[in-house]
Every structure is written in C-alpha cells, then in structure tokens.
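Following the hints, position chain U with the ligands against chain S.
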Amino acid sequence: MASIGTPRYLNGALSASYPFQDRPPLITVTPQGLYCAPGDFHIDPWHPVERALITHAHGDHARGGSRRYLGARTGEGLLHRRLGADSAIDTLPYGERLRINDVTVSFHPAGHVLGSAQIRIEHQGEVWVVSGDYKRAPDPTCEPFEVVRCNTFITEATFGLPIYRWDDTRLVAEDILRWWDANRAVGRSAVLFCYALGKAQRILAELARLTDRPAYVHGALNSLVAVYREAGVKMLPTQLVSEVEKGTSFAGALVLAPPSAGGSTWMRRFGEHETGFASGWMRVRGNRRRRGFDRGFVLSDHADWPDLLRTVADTRAERVLVTHGYTDPLAHYLRDKGVDAAPLATPFEGEAED
Amino acid sequence: MRRLADLYEALDQTTSTNAKVEALVRYFKEAPPEDAAWALYFLTGQKLKRLLTTKLLVGWTQELTGIPDWLFAEVYASVGDLAEVIALLLDGLERPAEPEELPLSVWLEQRLLPLRDLDAVEQRERVVSWWKVMPRRELFLLNKMLTGELRVGVSATLVIRAVAQVAGLPPPSVAHRLMGTWKPTPAFFKQLVSPDVSDGDRSRPYPFYLASPLEQPPESLGELKDWLVEWKWDGIRGQLIRRQGGVYLWSRGEELITERFPEITEAAAALPEGTVLDGEVLAYENGRPLPFAQLQRRIGRQKLTPKVLAEAPAAFIVYDLLELEGKDLRERPLRERRAKLEALLKDRPRVPLSPAVKAESWDELAKLRDQARERNVEGFMIKRLDSAYLTGRKRGDWWKWKIDPFTVDAVLLYAHPGHGRRSSLYTDYTFAVWNGQELQPVTKAYSGLTDEEIARLDRWIRAHTKEKYGPVRSVEPEQVFELHFEGIQASPRHKSGVALRFPRIARWRTDKKPQDADTLDSLKELLHAVH
Ligand SMILES: [Zn+2]
Ligand SMILES: [Zn+2]
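Keeping their order, the protein sequence lines are chains S and U. The UniProt record's numbering puts the first residue of the first sequence at 1, with every later residue one more than the last. The UniProt record's numbering puts the first residue of the second sequence at 1, with every later residue one more than the last.
Hints are computed from structural coordinates only; laboratory data are not their basis. The beta carbon of each residue, even a glycine, is placed where N, CA and C say it ideally should be. Please note: incorrect hints may appear among the correct ones.
Stated by the list, open to error - Short derived list, chain U residues pointing at chain S, Cβ under 8 Å: (1) 14; (2) 17; (3) 21; (4) 22; (5) 67; (6) 68; (7) 70; (8) 80; (9) 82; (10) 84; (11) 85; (12) 88; (13) 424; (14) 451; (15) 455.
To be verified - Footprint (simulated), chain U over chain S, 3 or more residues, beta carbon under 8 Å: (16) 161-169; (17) 261-275; (18) 282-288; (19) 293-307; (20) 331-341.
Unchecked claim - The list that follows gives simulated cross-link-like pairs (lysine-lysine, BS3-like), each with its CA atoms no further than 30 Å apart: (21) U/190 to U/394; (22) S/337 to U/55; (23) U/132 to U/232; (24) U/132 to S/337; (25) U/47 to U/394; (26) U/358 to U/232.
Same shape as in the complex, but just chain S (with noise of 0.2 Å):
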C-alpha cells in the first residue's frame, strides 16, 4: 500500500493552489485541542480550556472543565445535561454571526444530532469550517446539514471507507419494525442496542411514522428522550424500564438500551428475546457475528462514503483535513482526486458504537 507521508499542512508549508498560503493556519492541534489563534478559542477541547465552542454534546467534543462554552441554541438542552448544570454556557442560532476577537463565528447545521453544529470562523475573508461529526441522510430529530461554502474544511471520516453506504432511513426503520413484530408474533421482547444520545431519538421519531405502541427504555437513554421532547421533536411514547412494576411480562416488546447493557443482569427481567444493534458498523457482517447480537440495523448518525465525498465537493474547499476514523483513507483518496488533503491528527475516535 502507498504511504500517505506528512501532511504539509503539519509541515506548516501549504499548498501553492491554497489562496491563503502566505499565511499561518487559522486553526491548529495543540495538546488542548483544536485552537484558533485569532479568535483565542479552542474546539471541541480535550482538556479544560479559557473559551471552548462546542460542535455538539456528545463525548467526545463536549467535555467539562472549560470556563466558558459556545455552542448551537438548540443544543443547549443536551449541552447542560453533559456537561453539568452550572457550566457557563453561551448559545448561538444557527446562522447568527458572533465577533470573537480577530475572527467572525457562526453555527450551521450538520445533522448529526439535535442541536449539532458545524463551526464557521472567518478571518480577513479566509473561511474554515469545522465540521464536527456530521450526515446528510434526513433525520427528523434534528434539523438538517447545511452546506457552508469555505476555504478550509476539516471533516470527519468515521465511516471512510468506499463499503459504507447507508440504505434509506425509513427502510431500515421498516425493518426494525418486522423484526419487533415477528418477535411479538412469538411473545419474545426484541432489545434494541443503539447510541444512547442521537441514535436512540432517532428510532423512536421513525418508529413514530410506522406505529404508535410504546416502547420501552433504558435510564441511560430517558432522560436524552426527555430532553428531545421538550425540543418538539415527535417520538414514540416511552416508558422507563425501572419503573415497570415488578414481574410484569416484557413478551412483546420493543426495548432501548445502550449496549453497555447487554450481557448486564438488568438484560435477565426480559425473559425470551432477541437483542438487535443499531449502528453503521453493522454494514459489515463480522461486526455483528463477533459480538453476538440477532440482528445488525445499519443506521449511523454520520455521513457515508459517498456523502463524504459528496460534501467535499459542495463545500468547495480548497484544502480539506480529515479526522476521526478512517482518516489516512479518505484524505489519500481525495488527494488521488486532486483535492489537497491531509489527515488530521486528533483524538476523536468517533463514535464507537454509532
């Protein structure tokens, strides 16, 4: 295999074709995270920073500590369950402009989750947008990617390999359903593993389209569904596993729960059933072979193969950094296509269950 070599761009010389190739790069890997120095802010920080802008709530770009937090009005919910009710957090409409020191800062759309944003940091007409983690599938639990026009564009790369396409949404929300109703034909309960902030919303709100039966959920996953509700999106009615009175059968149920869950003693009250996971990697059957579940749902919060590449291109980037997941990859790939590309080294493993 050809090796991918340093990146210029960690080499500091930038490509001839870059139009701002005289100048430092606007945001930078330091030990903290992602830094604009212009701005004086950091992104998705791993450790506690001055001024952290958050592209969303989950665990790996939202992380405590921080003195003061930026993100997208419509994450703010999820953003004050994560990082802590006293947290100061400022928020942000998606498109609002805000001046932070020598840069511009606006949140966008990236359809990953409610409330997640794409970061746009504009500085004496050179733009870079951090993605964050992203999809461009239709989710009705969060409002939908916007393609944001930019200079730099660092995209993740969770699932960038050319074997991962996702199959329409409602489909597999079809799927899912045959399988909770053939296991209710035969009085089993049907355990769905699945991403307890994102993923979980997400079924529910697709189920809701197919059926309104409740289903059941577990306290992992409660108090996100909670959060969403208050947001207005529309899901299925949910009850909490814990508060089902003792002894009362579970033959027939649809369950949610994070799979940390599984093979749990609190997986014993479901008596007879199958356990099912909800993820991209599921694409690939080994995945699913190899930890045991019944059945593989692919369904991912973030973009496939084809919508990565497909994104880069609307984005009309004219350098493009790749992080999280298969990152060597997708930059190799798009720089045989004549985009310069490098990786980008961070430590977003992206999400591991998603």
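Same frame as chain S, now just chain U with the ligands:
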C-alpha cells in the same frame, strides 16, 4: 438462489438452535430435490473447488468500481472476507428492480461449474454480467461459491435433525446415510429422505459417538464399578469396516484413509465379514504408542516408503464394536459389546483392544492419571458400562477426563487486532510474567474469553493504550489473566527462554493485581520439573 439467501440470512440472524432447525426444515420442505441436494452439500461443510482466482475477482471489482489497489487492501483489512468486500463495494452499482431468479442447481450446474472450461475473457464477461444484476445477498453467496468458501455456520447435528424431521426418520438413520462421500444429485437427496431403510453402500461408517469433557469431580459419576476406564489415546479417531470382502478405514473427519495404513488394512481383512470397529489409529510399536509426530508422517503427503512404514508402524486400537456379523450392535450395552470384542480381537496385534485401566477407587485413578504424559496419552476415557453407542456428543455416558493443564497468572502487555472478521476488535494478546522488576513477555493467547469479555477488554485496551506500534498497542500493565497450557519447552527463539504449548485464557482475574502475577523463575522451575 433467493431461497438459499433467505435460509442463509435466517441462520445467520439467530443464535437459537430451534429457530435454526425451523429455518432448515422450511427450506428442505420447499426446495426441489435438485436444489436441496446442493444446499445440503454446503450445509454439511463440503466445498466446491475454487472456480476462479481471487486475483481475477478483485481485478474485475476494481474495474467496475474504480477503487485503487491501496484502497481495496484497506477495505479488505477492515472486513476480512473477500466475498463480502466485493458484495459491499458493488452495492454502489445501479441494479434492476426485478432481478432474474434462477434455481440453485441451475446456478451451479449450468453457470458456475462450466466456468472452469472458459478462458479469462469469457469468465469475466459472464461473472460481471451476473454481478450487475444480482441483489447484494445473493451476490455475496455467489462470490462465496466462486471462491470455494461457502460455509454456513450451522452444526451437522442441526442439519441432520431438520432433514430427519422433513423425512420422518430417526436422526441417526439420516446421519448414517450422510456419512462417507456422496454427490449432490436429486437422486441422492430423494434417497436420503426416503422411508426405505435398506442401505446400499457397504463402505459407509456409522456416526461417531463423542465424549464430553468431564468438568465435575469424577466421584460425582457414582461408583467406579459401573464404568469402563480407558486411556485416551492421542491419535486419529476412526472406524474400521470389514464388509462384503472389502476393508474401509474412515477418519472421524469422514475421510477414507484406508490406503495410508496397509498394515491395518491387512490385519482387518482377517476379521469376520460384517464387522465395524470404533477405535484410534496410532503409530504403535511393541505395545506402546509412539509420539503423534510419527503418526503425522503417515497422514501427510509423504510417500509411504518402506522406511516410513518401518519407522512409524501403525495400529488400530479398538474402543468399541458397532457391528458384528452384519448386525448393528449400537443399542446393546457397552458391557456386552466389550465382551464380544475381547473374544474377537484375541491375538490381533495390529488391531488390539484398548485395555481397561484397573483401579480400586477414583482416588487411585486420579493418581494413575498423572502418568498420562509419560504414556503419551491425553488422560482417560470414562464410559458407562450400560451405555448404548449414541450419535454425536450426548452428555452423560461417555466422558473424557483429560490431564489438568498447567496454569500461570500473567499480565496483559500488548493487544493485537484479530484477523478476518475479528479485525475490528483487539482479540489477540501478549502476556508477561515478572522477571525481577520487569515484565517479560512469555506467550501470546487469543482464545478463551467470551464475546462479552472480549468487547469489554477491547474497550479497556482502547482507553488504556500506552503506545501504538502499527496495529499493535501496548497497554497499562494492570490486567491479570489465568492462562492454561499443555506443556512447556526451553526455547532459545523466545526472549523469555521458554515456550508454552497450547496457551489459552482460562479466566480474567479481575481479583488480582499485576504484582500477584507469576514469575519467570517459577515457569523455569516447571520446565525442569517436567523434563
Ligand atoms: Zn458525535
Ligand atoms: Zn465524534
């Protein structure tokens, strides 16, 4: 083909054995015999010879998708299954809404097998034209057939149970009819499910009865006098058949190995007509088994020269009598079969009776068991004297009581990603023991943890990585594991100076701290004690 894809998916999507049998029964009820025969062929683990080289298939996929070599390699590394990689990559192509559907037997007999006689240009044209119209699931199965890798994850017992249910026959009859070699023809399948019980093929062995590992203390089996105890020989389990003038020696893997063992064949020819023996093929001299390595010379590709025959003479140590004078004795109690064997095998040095181990008590037996390693045996077989000869691994009547493995508590030091479909998890580990103040790697081990433990350990590894060396991670030395192994040898190739045989993980000792792990000195002491 769609019916097979449905079956494959149904089997793949459940861990319940009942649901698997149901899916199989549904398939065999609905499928015409010519398709059912082929499905059975694959379900019983038989394989087509590879029809096309991987290289061709990969090349055509790249032409169709524009995926460069390096990216294909990257994808393959993350999926680990070529047929699946191709199916997933081709999924991006436009496909017709109503793909054509052909029966499995037509696919195999009229499309796939004829590929062998075509040149590469013609092969490409045909395969690509199929790829362009097939749905993903069928395409995956097609690729598996092309590469000769189609394997369905279901045990023979379940397949037999399902066919028996469809045919209305007892499972042992179906199992018997499936033994040996057969061709996937409609005639074969019809004969398999026919109620007529007269069987034509005289070379055919009976299904083997397998012992279960003894996990409880042997005293729990009750009184020793109700049991027959034999050494557990370390050779090749087999069946020796003497019927209608012929001799057939089958391995448990259902391979005819008659030709490889002329001395056994010759001795068996002197047995009475209609005799079937269950036993173990061993390299054997002067009434003692030789090490397994000697036997390997007889089963490998090596030519059977007079030298090999002289240096590694073989014998068939007899455990059981399944048929005598053409009568099936499997339902008779072991006591009775054994008595008949004693008379039958007198003065037959190449087909000796496996001797009974005499002991007065389980305690005495346990002491004898300690000699197992010196005797080149693996432990004991313990069989209930009243038992019939059953099929498969039914618990309760036959036990294997193996020598206790050696154990060592070691610290997890490095994690490696698994292979193939395990490649997204850290499943292979390097363990270390204390050498003074330092942890010295001593062995790798990968099996023994449950899926859930592997997933939990994988998360721990990712969160406690110290350094990455390519795909390998070094981790904080915190986790202690109890390893079992079968032997230990001095090894100049290993930095530790020792090599463990068959190491595997017995349990995750979350109750232990790294400082509780064993030392290299204690392993070296063990080395001297056993050699
Ligand atoms: Zn996220
Ligand atoms: Zn992320």
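Here is how each hint holds up against the structure:
no. : hint           : result
1   : 14             : holds (6 Å)
2   : 17             : violated (13 Å)
3   : 21             : violated (15 Å)
4   : 22             : violated (11 Å)
5   : 67             : holds (6 Å)
6   : 68             : holds (7 Å)
7   : 70             : holds (4 Å)
8   : 80             : holds (6 Å)
9   : 82             : violated (12 Å)
10  : 84             : holds (6 Å)
11  : 85             : holds (7 Å)
12  : 88             : holds (4 Å)
13  : 424            : holds (6 Å)
14  : 451            : holds (4 Å)
15  : 455            : holds (6 Å)
16  : 161-169        : holds (count 4)
17  : 261-275        : holds (count 3)
18  : 282-288        : holds (count 5)
19  : 293-307        : holds (count 3)
20  : 331-341        : holds (count 3)
21  : U/190 to U/394 : holds (28 Å)
22  : S/337 to U/55  : holds (25 Å)
23  : U/132 to U/232 : violated (55 Å)
24  : U/132 to S/337 : holds (25 Å)
25  : U/47 to U/394  : holds (28 Å)
26  : U/358 to U/232 : holds (14 Å)
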